[in-house]
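Chain A is fixed; fit chain B with the ligands onto it per the hints.
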Amino acid sequence: MVEVQVLREVVSSESPRDDLIRRERFPHIWCPGCGLGTVLKCYVEAIASSDIPRDKHVIVSGIGCSGRMAGYVNIDSYHVTHGRPIAFAEGMKIVRPDLEVTVISGDGDLVTIGGNHFIHAIRRNVDINVFLVNNFIYGMTGNQYGSTTPLGARSSTSPYGCPEYPFNLPLLAAALGAPFVARWTTLHVRQLAEAMKKAMKVKGFAFIEIISPCPVGFGSYNEMREGMDFIKFFLENCIVDHNADLNKVAISMRPGDPIILGNFVEREAPTYHDLEREVFRKAGWLK
Amino acid sequence: MDQKLEELKLLKPGTYFMMGNIACAEAALIAGCEFYAGYPITPSNEIAEHMSRRMPELGRHFIQMEDEIASAVAILGASAAGVKAMTATSGPGFSLMMESIGLAAMLELPCVIVDVQRAGPSTGIPTFVGQGDVMQARWGSHGDYELVAYAPSSVQEFFDLTIEAFNTSELLRIPVIVLADEVVGHMYGKLVVPEYSKINIVNRKKYTGPREKYLPYSCETLVPPFVAAGDGYRIHMTGLTHDERGYPSLEIDDSRKLIERLVMKVRKNAKNLWKYESYFMDDADVVVITFGVTARSSLEAVKRARAEGIKAGMLKLLTIWPFPEDPVRIAGEYAKRILVAEINMGQLIHPVKEVVRCPVVGINYPVGYAPPPEYILDGIRASV
Ligand SMILES: Cc1ncc(C[n+]2csc(CCOP(=O)(O)OP(=O)(O)O)c2C)c(N)n1
Ligand code: SF4
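Read top to bottom, the protein sequences are chains A and B.
Everything in the first sequence is counted per the working numbering, starting at 1 for the first residue and increasing by one.
Everything in the second sequence is counted per the working numbering, starting at 1001 for the first residue and increasing by one.
Next comes chain A alone, as it looks inside the complex:
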């Protein structure tokens, strides 16, 4: 059992990143103990420390608790339909390659209903960042199972335990050729923000799977009712291994089975933009 220390710091109502947050929209909709606030914090940290001017950053989200991310970041932000933020981001990035387009949305959104767009955007190597918040469940709609729900886990629609195998997302993204593939939890704040910053630098599709506590949804069905239960679980079960064999990084959420984290893939490959320029050359538009 790991002791969790609570640091007593001066609590301030202001944050140095206030300019990047739409404070007028607070309080946000997220539950106590939810990991999404941390994701927001890491994202604005990454924007602030990126070399890209803030007005060039764009966020696109789909629908879900995670999908609300776009609404809280004070940059150009688009909250579109369920499962479709990647397709929206692709259209935007292709016509405006100077924009740094980041998709932040849920697992249900991006790889269940939107799975087709996910795989094809990676295959094309469109230069966008996709930060997928994996809370193992459909939070917003009342905790139904999805394509990331661990085998046997309970949810409002798997009262007998989920009878489906979940995605191993880093393996999927890497197999499709993504130049950057990482996984962190919301406990690993610094590494997550750093990975986001890296993702923004990467030329091509950058994917981060963010393992995030959902005490009110996933937790309440699976004996992790408090945010702290997740944090403890992460502390006890996470292993950082940047060189991990991605065939072996599927997540079971069973105590004792590790959650493997790291910046697994960092490589270069011509992006859709590069390849499209080749088309422009052949068509006579570019010399």
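To be clear, the hints were calculated from the coordinates, so they are not data collected in a lab.
Some clues are possibly wrong.
As the list claims (entries may be wrong) - Here are the simulated lysine to any residue pairs, SDA-like style, with alpha carbons at most 20 Å apart:
id: 1; chain 1: A; residue 1: 282; chain 2: B; residue 2: 1053
id: 2; chain 1: A; residue 1: 287; chain 2: B; residue 2: 1059
id: 3; chain 1: B; residue 1: 1009; chain 2: A; residue 2: 242
Small disclaimer: the values here were computed from a predicted structure and weren't measured.
Quick look at chain B with the ligands alone, frame taken from chain A:
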């Protein structure tokens, strides 16, 4: 799109003999379409094929997406970035685009969707004609919104109405549908490209004032000025019901104002949006109301009826939505009977019945086939 049309590699003013689908693609280029996303489907393929060759020649973007959902959403992403964007499809793909049409209406992102109608339902007869998407074009996405749909009946009209579709979408910040059909898409016909100076091109009005004052969904006007991603205004757009700032809202007032505006910007402009042509209407006792390919055989039928001494006339609708109520109502005031000819089991007949008082009878032809003039002539004869 600051460049002059003359400087671009566009179809030059002149007379051509061209396929409808290709005329549509060339019109889109002239209108300033900079992003095309689509998924293969008969009978719309020639549009995508032509765009895949022509767009890169102009430094514009063509992409073949993984499905029609992605296509319809990708054009909205491009539109949000400030460029004119389009897709083209047919029935099955059109069905997949419905949710995105609602998103376009809600975010007020201009875009053009060409539906080259084929026989349905379901896979139907992919290579044969249909006019079964009339109601879907209007009511296909859930909730309350309005849009514009144009229906060409010739190569020339397909060209003209595609440019018009871009203009209207930019003017009102709405999705605009070009409801073509297989015959009009595949027919070869005469196309006259006018002098560029005679072609009207509309670009969406942009906001350029101070950031603090910008209300992206202001209800002061029916169509608020637009800002694109990257313009520095930190815009927020959401498909959730939103207030004038664009922020989600549950307030009754915000909901009422938003939805009223989405609907009224089309309704209040309806008279300017109606396009139609009248044939032999001065003294017509029986009027055929029709559109698309069916207007071609109907006109021949009306002429033959006249030769037989029947006072027949025809009203060809080029705008289907918003429904051209006034011309149809007036036709109904003078005619003894109205016939609505369409390749479906009766769709356009419903709004016609809503506005006229005289008897209205449908001339419905089996889906998949364009009605020969004799079939419509029989309908005219039977009505007198
Ligand atoms: C087409 C469509 N189907 C279903 C829904 C309902 N819906 C809203 S959010 C959601 C699930 C979101 O799950 P996830 O993406 O995992 O996000 P989370 O809420 O867990 O963060 C669903 C199914 C919808 N909005 N649109
Ligand atoms: S349901 Fe879960 S993911 Fe959604 S806000 Fe609550 S804790 Fe977060």
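Comparing the hints with the structure gives:
{"no.": "1", "hint": "282/A to 1053/B", "in the structure": "holds, 10 Å"}
{"no.": "2", "hint": "287/A to 1059/B", "in the structure": "holds, 12 Å"}
{"no.": "3", "hint": "1009/B to 242/A", "in the structure": "violated, 51 Å"}
Violated hint for the displayed structure: number 3, the only one.
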